[in-house]
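Visitor: Spelled out, the chains give:
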Amino acid sequence: MSALAELLQAPGVSIDADDDFDAVNALVMEKGWGDGLPVVPPTEARVAAMLEYCDRPWDQPVAKIPPRWGEATPLRLAANAVMAGCEPRYFPLYLLAIEAMCEEPLNLYGVQATTHLCAPLVIVNGPVAKELNINAGHNAFGPGHKANATIGRAIRLALLNIGGAIPALGDMSTFGSPAKYSYLVAENEAESPWAPLHVERGLPREASAVTVIGAECLHNVNDHESLDGEGLLTTIAGTMATAGSNDIYYKAQPLVIMGPEHAKAVAAQFSKAEAKRFLQQHATLPVGRLSKDNIERRVKVTWKDRLPAPKPEDVLYAVQRPEDLLIAVIGGAGKHSAFVPTFGATQAVTRALKTADGRLAQSVADFRKRR
Amino acid sequence: MSNLSKRGLTTAVICSGPFLKLGQAQARVFGVSELPLLEIQHPLGGQSIDGVKARADHAVAQFVKLLKEKAQ
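Chain order of the listed sequences is A and B.
Using this note's numbering, you'd call the opening residue of the first sequence number 51 and step up by one each time.
Using this note's numbering, you'd call the opening residue of the second sequence number 134 and step up by one each time.
Calculated directly from the structure, the hints in this document are not laboratory data.
Mixed in with the good hints there might be a few duds.
Heads up, simulated DSS-like pairs for lysine-lysine below, C-alpha to C-alpha not over 27 Å straight-line [claimed, not checked]:
| no. | chain 1 | residue 1 | chain 2 | residue 2 |
| --- | --- | --- | --- | --- |
| 1 | A | LYS322 | A | LYS385 |
| 2 | A | LYS342 | A | LYS361 |
| 3 | B | LYS203 | B | LYS154 |
| 4 | B | LYS139 | A | LYS114 |
| 5 | A | LYS350 | A | LYS301 |
| 6 | A | LYS342 | B | LYS186 |
| 7 | B | LYS154 | A | LYS81 |
| 8 | B | LYS186 | A | LYS350 |
| 9 | B | LYS154 | B | LYS198 |
| 10 | B | LYS139 | B | LYS203 |
| 11 | A | LYS354 | B | LYS186 |
| 12 | B | LYS203 | B | LYS186 |
| 13 | B | LYS186 | B | LYS198 |
| 14 | A | LYS322 | A | LYS180 |
| 15 | A | LYS196 | A | LYS404 |
| 16 | B | LYS201 | B | LYS186 |
| 17 | A | LYS114 | A | LYS301 |
| 18 | A | LYS114 | B | LYS154 |
Produce the entire structure from the sequences given, and follow the hints as far as they go.
Guide: And the structure:
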């Protein structure tokens, strides 16, 4: 008997069903397991193939996913990855993303259960992004690339099926969001004029990594007219500061995504750190744009030290400190950037892809070779 | 809250209606499935101070009742 077959014999670990697409999907829908889309039946053979790329004990949790605090074992994650349509070689990155988003600074409980519409956004850096063909260019957040679509979906299935983020039960989002189906991209390092996001956040360039952000959907910044970096940053700053954004109420870490054309123009005038300083200083919202009650009951409480008696011309910041702003270069041709507001009460988490013995992975094949 | 409950203190959680199921699920997860949930009228946000006080009064009345039941 295989190791997997032994694990599957434990009570409650597996379920008997005909290996039939329609029958399995009827069962999944009846049980409420999933995102509403059809799934690939997670047969023993498919789960075994997925686990070929896992060098951890298959039945030991790598994290607990709130709000149910369900144990995310590689076995459970593999079943969800199969259901989402992942290729087995995607598994190491998927497992890393789950581990990263369950780290305390992200506040996944809040991200999952809040009435806000946030979802964990995963940005992939390093050689594995290219190896897995994760789209970082045109339509990176849209359809058409298997890795983006299925790893992102597998994350959501784990958040639902293991974490219990069931709508109106564990996920109280007023609206939800299309980002709750799949929200995973790579940074367009080849087109970026700056160091990649994972390097800026302290990892070696040769590392592959994920950065997870408790994020809203992206909001577009169209600027076809500015002739220099300062002009582009002025437009981006103007997009960042909006009444009703969680980020103006928290010490948050929102994300500016620059399209490669905008990034090159900005980089001609600004280092990334300088661009952050400019955006932090200029992404401001006059207090007078908020309602009288909001000023009285929120601004005076949240920012009581800085604004004990706020006047309409005083300003609120979209990001409180320059170093809290994240900037990544993503996308294809076109004079666009994007702003990604956050849940506010969340901090980004960046983690490197490592094998079980703690070495930086050069390739997802490292995980297969080691078994 | 679950830790306080496990220590034997009389403990309850205040929830507005739409959040009762989440509260029940969390109580189960943390091993205190009998944790009392005190229901208040939804919503709590966007209320005048009088509206907030009315909800607080409703919760306090339920908690006092709970304390009396525990004392008997």
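Visitor: Next step is simple, just say for each hint if it's right about the structure.
Guide: Evaluated hints:
no.	hint	verdict
1	A:LYS322 to A:LYS385	holds (19 Å)
2	A:LYS342 to A:LYS361	holds (11 Å)
3	B:LYS203 to B:LYS154	holds (24 Å)
4	B:LYS139 to A:LYS114	holds (22 Å)
5	A:LYS350 to A:LYS301	holds (15 Å)
6	A:LYS342 to B:LYS186	holds (21 Å)
7	B:LYS154 to A:LYS81	holds (18 Å)
8	B:LYS186 to A:LYS350	holds (20 Å)
9	B:LYS154 to B:LYS198	holds (22 Å)
10	B:LYS139 to B:LYS203	holds (15 Å)
11	A:LYS354 to B:LYS186	holds (23 Å)
12	B:LYS203 to B:LYS186	holds (25 Å)
13	B:LYS186 to B:LYS198	holds (18 Å)
14	A:LYS322 to A:LYS180	holds (24 Å)
15	A:LYS196 to A:LYS404	holds (23 Å)
16	B:LYS201 to B:LYS186	holds (22 Å)
17	A:LYS114 to A:LYS301	holds (26 Å)
18	A:LYS114 to B:LYS154	holds (21 Å)
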